[in-house]
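Novice: Sequence:
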Amino acid sequence: MINKTKWFTLSEKVQGNIIIPQYYDPWRDDKNVKVFSKVRFLGGYENGLGYIEVQMLYSNIENIFNDESLKNVKILMTADKNVFYARNISETEMKDYYKLLSKFTNVEIDFSSLDKNDNELIAIRYLPKQKIAIFLIFDRTLIERPLKISRNSVLLFGLLIIFISLFFIYFMTNQFTKPIRELKSKVDKININNLSQRIVLENTNDEIKALNKAFQNLLDRLNEAINKEMKYKLLQMKANLEALQAQVNPHFIYNILNIISHRGLLNKDKEICEICSSLASMLRYSTSASSRIATLKDEVEHVRNYLNLMKKRYEDKLEYFIEFQEEVLNQKVPKLILQPIVENSFTHGFENKTDKMKVWIKGYEKDNWWYVEVKDNGQGFDDEALINIKREIENIKRSFNYNEEIEGFEIGKIGLLNTYARMMIFYKNKFVFDIGNSNENGGAVVLLGGEIEVNREEGER
1 MINKTKWFTL SEKVQGNIII PQYYDPWRDD KNVKVFSKVR FLGGYENGLG
51 YIEVQMLYSN IENIFNDESL KNVKILMTAD KNVFYARNIS ETEMKDYYKL
101 LSKFTNVEID FSSLDKNDNE LIAIRYLPKQ KIAIFLIFDR TLIERPLKIS
151 RNSVLLFGLL IIFISLFFIY FMTNQFTKPI RELKSKVDKI NINNLSQRIV
201 LENTNDEIKA LNKAFQNLLD RLNEAINKEM KYKLLQMKAN LEALQAQVNP
251 HFIYNILNII SHRGLLNKDK EICEICSSLA SMLRYSTSAS SRIATLKDEV
301 EHVRNYLNLM KKRYEDKLEY FIEFQEEVLN QKVPKLILQP IVENSFTHGF
351 ENKTDKMKVW IKGYEKDNWW YVEVKDNGQG FDDEALINIK REIENIKRSF
401 NYNEEIEGFE IGKIGLLNTY ARMMIFYKNK FVFDIGNSNE NGGAVVLLGG
451 EIEVNREEGE R
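If you use our numbering, the sequence shown corresponds to residues 1 to 461, in order.
In short, the hints are calculated from the structure, not lab data. One or more of the hints may lead you astray.
Using 30 Å as the maximum straight-line C-alpha spacing, the simulated DSSO-like pairs for lysine-lysine come out as follows [said to hold, decoys possible]:
1. Lys228 / Lys189
2. Lys213 / Lys189
3. Lys428 / Lys390
4. Lys238 / Lys366
5. Lys270 / Lys311
6. Lys268 / Lys362
7. Lys397 / Lys366
8. Lys335 / Lys231
9. Lys317 / Lys335
Between beta-carbon pairs, the in silico distance windows are [claimed, not checked]:
10. Glu229 / Arg198: 21 to 29 Å
11. Thr354 / Asn330: 48 to 56 Å
12. Leu42 / Ile143: 28 to 36 Å
Here the structure is a predicted model, which means the values were calculated and not measured. Even for Gly, the Cβ is constructed at its ideal location relative to N, Cα and C.
Construct the entire structure; sequences and hints are all you get.
Specialist: Here it is as structure tokens:
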């Protein structure tokens, strides 16, 4: 009976352990029961003691591989390169898998793909001691399908997140920039004719309000500067007109002075000639319209001519002293700022003077500023007059700063206030103009000053 079993012949050949694939059990009454077995030869005597066969139902193997998760998986199990178990595998495919097995007989587990079919993913488990190989052949598309679904879901979700982010960024940016765009739109409509117009923003925040306020302040200052410049231009035009009026027939006056000077020469009266010469120089200097700016040297020469005339009148009752440093003589100043101040001493300071009249004019440099001090030994300014003059000076300053009309001020009147106004126009508030009384003799003291500039051109300020 044993000689007729399937495994006997195989065991005879290998003389040792052997696993017998599925076959029908000959020992059972039911000949349709499939089993698989392991047979071992027992040696010890000349022909051996015999064989031990251990059987298991083949259905146990089928139950193992009938798991739901392996439903779509091809399965091949071999024992000593004999088919032990196969499912969903054709004969042609088995040949290919056997070829593949020969490459991995020394590897316990590996994953590979058949060269002829990239749609399959094969897992191989090889047990070298038992010489059992298990093939699990997966359909690559079935494995990759959930991966593709996950990938597509992630991509779709990522795109959705990006879209939502872009929309949120657009919405927030639009909200944040709306006040700026509104401000820009209204700023674009600003021109020189509507600088005083107020900009009102409907939708804004604190930062834009601050920006709008700063811009509005800038417009106000610009409008103020334009109005001030226009006022300066009007004053300049008015001064030019009055200067032109002062030049009407100047040659007639010069001719008369020449006649008087000639008569003085005939009568051998040198004083008349000197008076005519000084007066002609003063007229020529004051009526010249070629420039509204002079140097301190020109101003000193003009004052010297004026004092020479006053000396002819008052003779020994008048003394004057002029002292200037060379560093300040070339400084540019508005024309006719010194002579009116000196003339003010004779008009008001010496009005009730009985003793000798004295005038001191001193020019010097200090801390990169030039200064001219004019003082006399007259009766000085009384308190009321000094208060009135300083109040008028403040009114002029305020009028220029706030573009107001200067009440009671005329360009044609040359005096202290006129000198102050012209220096303000020329130096734009960066100058010194101080009046008071001397502590030494009680006379009037007027101090003028400005920054020393090497190259000040006419009209620069």
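Novice: Are the hints correct? Go through all of them and say.
Specialist: Going through the hints against the structure:
1. Lys228 / Lys189: 23 Å, holds
2. Lys213 / Lys189: 17 Å, holds
3. Lys428 / Lys390: Within the cut-off at roughly 18 Å; holds.
4. Lys238 / Lys366: Outside the cut-off at roughly 35 Å; violated.
5. Lys270 / Lys311: 14 Å, holds
6. Lys268 / Lys362: 36 Å, violated
7. Lys397 / Lys366: Between lysine 397 and lysine 366 the Cα gap is close to 25 Å, so the pair holds against 30 Å.
8. Lys335 / Lys231: Given that 30 Å is the threshold and the Cα spacing comes to 20 Å, the pair holds.
9. Lys317 / Lys335: 29 Å, holds
10. Glu229 / Arg198: 21 to 29 Å: This hint holds: roughly 23 Å between Cβ atoms.
11. Thr354 / Asn330: 48 to 56 Å: 40 Å, violated
12. Leu42 / Ile143: 28 to 36 Å: Violated, at about 47 Å.
Violation of the numbered hints given earlier is confined to hints 4, 6, 11 and 12; the remaining hints are satisfied by the structure.
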